[in-house]
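Chains as they are written, first to last, in my numbering: chain A, -14 to 486; chain B, 7 to 426.
Honestly, the hints are just simulated from the structure, not real lab data. Check before you lean on any hint, since a few could be wrong.
Claimed, not checked - Pairwise CB distance ranges, derived in the manner of DEER restraints:
id	chain 1	residue 1	chain 2	residue 2	range
1	A	M78	B	A161	55 to 65 Å
2	A	N390	B	K304	20 to 30 Å
3	A	G320	B	P292	42 to 52 Å
Note that beta-carbon positions come from the ideal geometry of N, C-alpha and C, so glycine has one too.
The chain contents come next:
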Amino acid sequence: SRLAEGTPRRSIQLSNIVEKRVFKEDEIISTPKRGRTKKVPEDEDEDEDEDYTPKKSIQKTPTRSRRMSTTTKPSTTPSKAISTPSKGAVAPMTPSQKMKKIRAGELSPSMQQRTDRPMEDSSKSQLQLAREQLHVSVVPTSLPCREKEFENIYAFLEGKIQDQCGGCMYVSGVPGTGKTATVTGVIRTLQRLAKKHELPAFEFLEINGMRLTEPRQAYVQIYKQLTGKTVSWEHAHSLLEKRFTTPAPRRVTTVLLVDELDILCNRRQDVVYNLLDWPTKSAAKLVVVTIANTMDLPERLLMGKVTSRLGLTRLTFQPYTHKQLQEIVTARLGGSQAFKGEAVQLVARKVAAVSGDARRALDICRRSTEIADADSANVKCVTMLHVQQALAEMIASAKVQAIKNCSRLEQIFLQAVAAEVTRTGVEETTFMGVYTQVETIAAFMGAAVPAPGRALRLCAKLGAERLIISEHSRNDLFQKILLNVSADDIHYALRVGEVSS
Amino acid sequence: SPEFKPRNKYQNARRVLNSAETQNLPGREEQLQELREFFTSHLETHTSGSLYVSGQPGTGKTACLSLLLRDPEFSKRLQRVYINCTSIASVGAVYKKLCSELQLKVSGRTERDHMEAIQRHLRTAKKMLLLVLDEIDQLCTSRQEVLYTIFEWPALPGARLLLVGIANSLDLTDRALMRLNARCELKPRLMHFPPYSKQQIVEIFKSRLAEAEVLDVFPPVTLQLLAAKVSAISGDVRRALDIGRRVVEIAEQQKRDGEKEFNMKALELDGKDKEEAKEKQDTLKPVQVTQVAAVLNKVYGASQNLEADIEDAFPLQQKLMLCTLVLMLRNERNKDISIGRLHEVYRRVCSKRNIHALDQAEFAGTVDLVETRGIIRIMRKKEPRLHKVLLQWDEEEVHASLSDKQLIASILSDTSCLGK
């Protein structure tokens, strides 16, 4: 149940939970999803189809936009208004009854279905299919270029599950290097093996530090994944403590994946301590896999006793090299001819030089398909030029453009700041010094000098655009001004502009 | 478990080297004896006492006390309570937890009611109470009222309480509980668990391995090397067991790889040779010194890994950033380098090399990524341009390992980029 969110109880909006009760098997009550289905009977089987067809539901993680829409959009559920009375036998619930059912996990949160059916796969163009394949959320069944790491984590987890003892592992690496995808891939493989009885069965829990409003909410989430009930964190903690410290026969191994470990570290570090202390209890049979970005997080942030419990089984995911990125993108594209080989290579090289982040490469490729799609030439293939345009959009900065688009006086002001920096040698200038420079430059150019009050306005505007960093203008003449763009950029922007005009 | 594959010795060794609790504690005989004496002497005289146990993480403090808590010798004469102070909701909630452990009836719901209930219980209890508070440094606050209240319980009239506090720092009672020194009867007795020595770690390994009869996996010389290294650095037995387990895992992995290779070869061999070779393969190879040394190097060597790190899978722009930083550190007097200044120089370096330079926003992201490797640290300021960049690794070493590479070496000698 990935839908479980670390939201505090109050923010659960009643209107978001479309009624969908979990019934016992013998009760045959069909919950109407939409009001329309009742009225138009021939719509019904189409509706049935919808439960299977929606492409989006295949992807595991609800993407942000989808999640956002559930919380922000005040759902004007017509279904609710109509369906509640139509139930007949079931009395309408008061809000507190509803909250009770939600907390007990008896109502599963459902989302409103779209009214029209999603597009057929066969009617999509080659570029469109490539674009869908390149989406970051489409996790391939086997990750290319992460075989060694897969092997490593697999050996660790398999050993722990077979040995029936607990342990910890720390996985680190910069964002977008396939950490979470690899770990969940390993766990999926192990689950498949356990299903075929080639491995002892195990339970799998996962939490993500970023999805919790507070570190201690981790207890709530873990307990919720074990039983489905939502309880307060104190209660959840004591129940978990009981579960992990008292030996119970036929206790199966539990694998707990903790993503974004650094968010769970507060000053007391009690949550991380507990999460890493439970595996040391022989009754727990708990295997904790922790994921974070920083390589030296245990030494840098965690207390000595926590680091000691975290152990030395560590694995670092290196950033992807350009060859690996190329392989990843080509694997995504399958046999499709939508991309020129050299276009993929250019993306891979540019991204590998900066961060080695696979998400970045995929995003740039997707943007390239969009540009190719929008291209009036109506091409079916992404070429180098499209990729270059996408790269310029996604990597290049717009600062030079912003300076060029400034008004004449603002440009003079920027020049004056740069001149003042060169004159004094210190990066930080005062408004007074800059204003003198403005006067000089304006006199040189023959432009009218703005009064200091107006110059402050210019200064505030440039500060809001973040071309300079300035203090509040109440310190008028004595406020400090810092240049937020490089002086070269200013000269480049203004000189090139002059030549062309 | 038996219904799955038969287990080999590596797997048995791996299982027995786990860092969970055990029954026997070699290397902690003295401390156990001392604790036993403390308990029995107080039991016999029916007097209260407090004890503060300190020691580095992984020196067996909790293991010793939980062994004694399970000891049947004390179970009849003592009521035993173990509380881990990291698992309480807040500092004041420790009373409530203690009440629920003692199964006391409390009239009110406030902290004070719970505290009074405990104190009433202490005065009138039939049995002597042994209270063990683990990770007691979590109870430290600015006024220390909770810690003082707890450590003053042994002096309550009529109370018979044995109080044991466990923490890491040696001087917690001197630092946080100074006022207890004013009265001799309140002063907790101190007991320090020293880090394990080399010989003790060897003993621990031997006893663990003997438990599953897999002593032959580790030849003595490998144990000596491992124990010497761990005791020289931390003396933390969790670390030692971790390293031991790592070694076994790697040995197992290598053997498995060897088998794979062997199977490939076996396809080419014919009947008799095959049998012979198979026998040879099945005998278990003990762990080698080189394998142990490799694991130790990986765990304890930070800058040895640097060269390998920079060589492969280090993005070019990050390399350039690091080079620029080293260049500035070596050639400028001003060691406090802001991202803004670093970016200026970096741009000049890039334009000389004809490399497309990143703009400031992207550059700040690059610096962040290098920070996750632990090479540098960023001191955050109000503006991203004013963040300070500090090199965390040894400058000489970084310079030495950077200057091996051609491109990088040319940058490091190019002081004209500094521009002044």
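Hints, verified against the model:
Between M78 (chain A) and A161 (chain B) the beta carbons are some 57 Å apart, a value that agrees with the proposed interval 55 to 65 Å. Restraint check, N390 (chain A) to K304 (chain B): a C-beta distance of roughly 53 Å breaks the suggested window 20 to 30 Å. For the pair G320 (chain A) and P292 (chain B), the beta carbons lie near 50 Å from each other, so the given range of 42 to 52 Å is met.
Hint 2 from the list above is the single one not met by this structure.
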